[in-house]
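**Q** One letter stands for each residue in the lines below.
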Amino acid sequence: MHRFANPTRFLKLISALQPWAAGVSVLCLAAGLYFALIVSPADYQQSETVRIMYVHVPASWMAMFCYSALAIASAVGLIWRHLTAFVVARATAPIGAAFTFLALATGSLWGKPMWGTWWVWDARLTSVLILLFLYLGYIALESAFDDRGRGMRAAAILAIVGAVNVPIIKFSVDWWNTLHQPASVVKFGGPAIHSSMLTPLLLMAVGYTAFYFWVMFVRVRAEFNDARIQARRLRQTEA
Amino acid sequence: MDLIAFIDMGGYGAFIWPSYGLSALVLIAILWQSRARLKRSDAELESMRRQGESEEA
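Residue numbers (our numbering), protein chains in the order written: chain A, 896 to 1134; chain B, 91 to 147.
It is worth saying that the hints were derived from the structure and are not from the lab.
Values in this document were obtained by computation on a predicted structure and should not be read as measured data.
Note that the Cβ used here is the ideal one computed from N, Cα and C, for glycine as well.
It is possible that part of the hints are untrue.
Said to hold, decoys possible - Cut-off 25 Å, straight-line C-alpha distance, at most; resulting in silico cross-link-like pairs (DMTMM-like, lysine to aspartate or glutamate): (1) A/Lys1007 / B/Asp98; (2) B/Lys129 / A/Asp1121; (3) A/Lys907 / B/Glu136; (4) A/Lys907 / B/Glu134.
Said to hold, decoys possible - With the C-beta cut set under 7 Å, the calculated list includes, among others, these residues of chain B facing chain A: (5) Phe105; (6) Ile106; (7) Trp107; (8) Pro108; (9) Leu112; (10) Ser113; (11) Ile120; (12) Leu121; (13) Arg127; (14) Glu134; (15) Leu135; (16) Met138; (17) Arg140.
Just chain A, same shape as in the assembly (with noise of 0.2 Å):
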């Protein structure tokens, strides 16, 4: 395991595998666009609106992926005192935040034509919204020490009890009342979608997912940099 915590090797795979989550992510967002917007069929209840749902279900399942790999790295960052852990939580935290502001404001202009309103105090709705915070509180604990090693720390620890969050949204459209549709993709049976909107929403989940690996690679490598770059500057000032 510690073998893989070598900064060097990691920074080498991830240059290398960069070129290659940006390719696949520009290919099918832009396929997935096309069909989105062309292809697909209006929906017999929702009409042209279900459109929104090729932006809005891929932003939401990324902004539960993003903090699930933000919990994990956290964790292998805390249990095995692993400097990279902590760097891909560092690096994802802002795009798992923006990914989150994505899949509420999505939702928002969803839910006003279809149920009436831009905001409802629903349980899908607030813990999607305490997600968001959970991020923003990562973020601003994160640096808020002098010391970067105990920001790094006390973040991860808010990482991980926040954990808890994320099966109370998977599940929060089964467990309380709501106006949010339950999943119809993810589900128990194969999903209850037809092949006509199944394909364009695929599409731009796999185009999401390769976008958020190559932003974070992007990410890690230039905190990899930052981190060089104060090294060498104290060096300087002690010599």
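Guided by the hints, dock chain B onto chain A, whose structure is given.
**A** Just chain B now, with coordinates in the frame of chain A:
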């Protein structure tokens, strides 16, 4: 395909297009900011390395 009908989206264009526009805006912004950070730090490391070499020489 009728462009006006495409933009109108059955009367829901005012909700659909902002969803796509905002998503594109936020994702491009975070990508751009991340890449700018990487480029800036790459350039700074490079100039530090050159400075170090010239001091050693």
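**Q** Among all the numbered hints in the text so far, which are the ones the structure does not match?
**A** Going through the list in order, the structure violates hints 7, 17 and respects the others.
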